[in-house]
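Residues per chain are reported as follows:
There are 2 protein chains.
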Amino acid sequence: MERIIKATENAFSPEANFINETIFHNANGYLGIRGALSEGTPEGCPSMRGIYLNGFYDIIPMPQAENLCHFVNEKETMLNVADTMTIRLFIDGEPLNMAKGKVLSHTRTLDMDRGITKRELTWENESGKQIELIETRMASFKEPSLFTMEYSARALNFNGQVEIKSYHITDVRNFSDPSDPRLASESRKNMYLLSLEKTDGCSVSVSETSVSGLRMCAAVSEETDFSGCGGNGIGDLLVGESEGVFSLRSDLKKNGRVTLRKYIVYTDSVRETDVKTAALSKMKAVRSHGLDFYYRAQEAFLKDFWNRSSLEVEGDDALNKATLFNMYVLLQSAPRDRFCSIAAKGLSGEGYEGHYFWDAETFVLPFFTMTQPEIAKAVLNYRYATLDKARENAALLGHKKGALFPWRTIGGRECSGYFVSGTAAYHIDADIAYAVVKYYQTTGDLDFIEEKGEEILLETARLFLDTGFFDRDGHFVINDVTGPDEYTCMVNNNYYTNCAAKFNLSWAVRLFRILENNGREKKVREKLKLSESELSEMEKASAAMLLLYDERLGINPQDDSFLQKPVWDFENTPAENYPLLLHYHPLNLYRYQVCKQADTVLSYFLYENEQSEEVMKRSFRYYEKITTHDSSLSTCIFSIVASRLGFKEEAYRYFGDSARMDLENLHHNSTFGAHTANMGGCYMAIVNGFARVRIDENGFSVSPELPDSWRKLTFHQVYRGSLLSLSADHEGTKVELLEGPDTEITVYGQKQRLSKGQCVYCKKV
Amino acid sequence: MERIIKATENAFSPEANFINETIFHNANGYLGIRGALSEGTPEGCPSMRGIYLNGFYDIIPMPQAENLCHFVNEKETMLNVADTMTIRLFIDGEPLNMAKGKVLSHTRTLDMDRGITKRELTWENESGKQIELIETRMASFKEPSLFTMEYSARALNFNGQVEIKSYHITDVRNFSDPSDPRLASESRKNMYLLSLEKTDGCSVSVSETSVSGLRMCAAVSEETDFSGCGGNGIGDLLVGESEGVFSLRSDLKKNGRVTLRKYIVYTDSVRETDVKTAALSKMKAVRSHGLDFYYRAQEAFLKDFWNRSSLEVEGDDALNKATLFNMYVLLQSAPRDRFCSIAAKGLSGEGYEGHYFWDAETFVLPFFTMTQPEIAKAVLNYRYATLDKARENAALLGHKKGALFPWRTIGGRECSGYFVSGTAAYHIDADIAYAVVKYYQTTGDLDFIEEKGEEILLETARLFLDTGFFDRDGHFVINDVTGPDEYTCMVNNNYYTNCAAKFNLSWAVRLFRILENNGREKKVREKLKLSESELSEMEKASAAMLLLYDERLGINPQDDSFLQKPVWDFENTPAENYPLLLHYHPLNLYRYQVCKQADTVLSYFLYENEQSEEVMKRSFRYYEKITTHDSSLSTCIFSIVASRLGFKEEAYRYFGDSARMDLENLHHNSTFGAHTANMGGCYMAIVNGFARVRIDENGFSVSPELPDSWRKLTFHQVYRGSLLSLSADHEGTKVELLEGPDTEITVYGQKQRLSKGQCVYCKKV
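Residue numbers (this note's numbering), protein chains in the order written: chain A, 1 to 765; chain B, 1 to 765.
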């Protein structure tokens, strides 16, 4: 399978161009660069031109229409930083403009093995002069501060002057749309230029944010290559008050070519003490290594990545490729330091303002835990670093103990402006706890548990202990929280939340006992002043947790009043009124049985042993009818649970919707960024869905059941330090231990022990 | 009982002064003038200097922190209009300043028979010169556009120049406090001056609001009186760019006096086409009549008012006077045209931004319905005038039929920024319907029902029919609404709301049948395209309404999950943490059994026949323990229901808290305006509480049971056009028909027929 995504346009399409800004963005977990046209988007055409640094934000006011006690009044927002992607081309003084002249051919390529995007354009200007432009962009995985551009122009049918102007623009703003709750509502200047100068042949800018007081530096350095035109050209850097411009001019003969190479280094004060010194030192190293070095390093990095994440489907090239694209975007989105996490849109756009949600731990992390656990660890380290802020948040909500992680955040503070479907979604605590447990079960990394993980588990368990209580009948009940489904808010005993809290409470104690058995519990016990009686309360609450069941329907109600409500009138809801959240007042939605996304159904994936298969089947059928999938987090989960319950056809259909979501813009908003949660869910739909991989206290198990149209599924997986290759067809599954220590895995319910280089084949039972 | 309130200060107290701005405000239902010091409040001292026109507002942005579909994004706000109350006094060039020199005596008086406030001040300046100042203010009931000031200064111990400068200041702003959700959060200029000129000896300003485009005019005219100093003085009006100043100068001998009379006329474009012409024409009439004419008219008006509202308690002077004060403020707050209603703070301050809530119909209106029904009718006319906006509001909330009145408004649009404890309080519809029914039952005004009342009843009934539905068991249930208690929001089957909706649905049909029996139903049937099946649905829903009852406790639960929650930890809540809403996040409050105010208990007053006395008694005792009375709407209701249930001691105690609320600033926020709902509730606590007046389909009944410490209670009441005097002691009740047609009333359960001048005495049974 060639890991390449291509988009070819025969004419300029503003809509396609807007989507392609997302699809062809470059990112490396730290830097994200939208795939905006380097010469600028033609006037009047939509564009979200932006470059983002993961974890770098400003704080902006978020006044509440009615400011009740402890409401959140300001929020963090991801910033669009200095625009260094702009390069303009002039033919005899006339600028390249996609909306003018004639596009003869235009192809964009994402090469996921080489880690680059490429744009190939043949364009004729209004005077009939044709030019070929080849532009390569890369966000380096080797050096996360580095973004590179290679820009090459060839005169196809004329002799004349070609000028290439490469910019470093410091006066930038964020994208805004007051009509869409998922975007910033106000255009606002958040960054102020402290200095812009020419140093070591680079233009170097240092800017500071208005409120958070963070600094960032951009250093830009250009190289010219006149070899394609016999050395005929000059290049020159001019640095003005707010812009640096490097101009390259060449008198080209027909077929003559000029090339500009642009090295761009970003640093920020979240990570560096002196952003300028750090940027210049990195730039020095970058220039001494040269572009080819980084191209090669990129390939090597990705070779390793794909080796650990390899996934091949025989019989379904399109969805295979779509899944690889999703995995690649996840890699682009995921941090490798403890200063940031994975935003809802990764680094591909400004949707949801760069905030981190439960999406990171619940939907995206499993992919990394199972293939690159060091990335999963970085994300969990980030959460741990914000634990004190989560404790403050819990105190603001009136809790005497525990930590409540924010529903949306960058730096760790709660940034939700509407607590009803934000802060009230307490399940985020249990979702993070779940990710910690799964990380431990997959890696066996007890050091992490001792240092950080158990503290997270205990503080989140404490929150649930403080939120819920034992009712008259001895059940542990949790009131006034919001589950995953945001079309029903502030309810009692949300089935998902209670399952999640049960797990959280139980595993807080279980992992504590594991530490204890290893003599490593002391630190966390002392730090948290933990008592045995508190642990036994946690066990008791977990055991007594109320998991609602409706006798009449034989299903799990989403919450204690959900089934009492009438079902939404789907028949009389016109297609253009979806997603419902953009057309109906929330109070209207709250009053009906209608789900934005998997809620109870999600619990059947994560907490599958709480119910019998029959109950889950009936529930699945019930919720399927009333779920709109208006949330991008929904179809992947429905696919996984359909697989689990043997609904093969549905599993494949939902998987298809999930796999193609961004490439085909199924939610009509991929323009604002990719849906990373869905991308992670798409991966899980294959690995946990079709292949039925489970990693839990009983170890690693797999029992694939492929979609009928698939001939074979092969994927790699990292379990307890060993790299496994699993290959399944309709008859059976082959497992090979490619690297690492001996390991035991369960295939179709049968335990198998493997050493390096060993291979077992098990027939389906 | 002398109807006079006095406040004497021996020294200047900024706190007392701030409260007195409310207590001694002047208003007549159209104009409201805070009792701020005419010379200005000393620097650094708190003050809410303002003049308000009922129903005159601007529209200001109210951006939502997270803007979900159909959230309200702008709101109406009552404006502080041109400051015409400012009068400064100079003794030999030195200004009067309460914070300097020495206050020798300072008394403020509210004379509720003459309808004026008076300030008497003896003050010594830093040079030892003593002056006596007597200032009388009046908001005329005869001419609602008119505010007058009489300002008289006497030299007590010196000969010297006294200058009085009278201002007309057009550059004004509203009060703001970003930390208090009950006040505007931002200081904002909402009015722009169109013209300021000298015409007919007046200064006349015309201003326009920024967004609503409403205009207002202020005309100010001064009269001088130098008779107290032998004609020694001059007066002169200067009109500048944004201010008019009338200066009066006089060289006073010891004991000499000068007097300024100031006529101020306000008009607005809500009511007048040409505000300036209207103001000048009114001013002409005012000046030709002169001040004494209006003083006499004021007395005559109030004589009639007190005759119809007379209320005397023997044995409790203090609370009697406090109640009279409350009634007087209600009169000051109540409109007599259809352009406005009764704001939460009346016209006494900017708390809640001048918005009208359910307070108007549920708490204040009964006083007027029972004493001055033409005022009640004006308020109901106002609601009818906004019915179309209520229909639009219902449509925004997704209702296919019906009208949803706004939770807070001035011009009729929803101005609630937090719908959870705003728009979701659907009971406001039923509260308005209830007021219509009570108005009809008290007055017999079928014309109003035919023209407007029945349309309101049907449209509100339709809303409940569309909101609720018949559940599996055949009950009619109403989900996701907020009851009166704002510490518990968005619940199912709120007991109060369901009772109220039941009444609304039932009476929509009953009054329709009454119209039908009189051949007067055609208009409303056609206008609303009303079908018989719709009417029978209403009857069915009303009959099947779910009114929750808890078998275990034998009480009515506030909603379907209320009793499942733990009780708030009152023991560990420090006194300074009340009101809870200023110290705890709402999500925290929602999770406990804790009530801001009467909720289920209120239904035992308004819908007293739904439960047995035993159930109500147990519920009362239950809710009493968990109600904080953080809302000013609470104690009056607890008093009434305690009376109803025979809890005499509690009834009297709650009544006392209600009666003294503003005069003694019990809620620590009377500075921002008086609590009109409580004032109406205080009246009801006597008339409907102690005297047990009921007016319903069975007519008028009364069966007084006085507090032990009272010897006698005498009050007047207007019922079906007849003025009754009721006089009760511990033995029995005397009823006299003072004016109007023969009428039948029920005393202690026994029917009595009365003709004019007739009197019956009934002994208690």
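For the record, the hints were derived by calculation from the structure and aren't laboratory data. A portion of the hints provided could be inaccurate.
Since the list gives no way to pick one copy over another, a pair counts as held whenever it fits inside one copy or between any two copies.
Listed below are the simulated BS3-like cross-link pairs for lysine-lysine, each with C-alpha atoms no more than 27 Å apart in a straight line [said to hold, decoys possible]: (1) 198 x 400; (2) 6 x 523; (3) 625 x 400; (4) 756 x 253; (5) 303 x 118.
Predicted, not measured: the structure shown is a model, and the values here were computed from it.
Taking the hints in turn, this is what the structure says about them:
no.: 1; hint: 198 x 400; verdict: neither (55 Å within a copy, 66 Å between copies)
no.: 2; hint: 6 x 523; verdict: neither (53 Å within a copy, 68 Å between copies)
no.: 3; hint: 625 x 400; verdict: between (41 Å within a copy, 23 Å between copies)
no.: 4; hint: 756 x 253; verdict: neither (60 Å within a copy, 115 Å between copies)
no.: 5; hint: 303 x 118; verdict: within (19 Å within a copy, 90 Å between copies)
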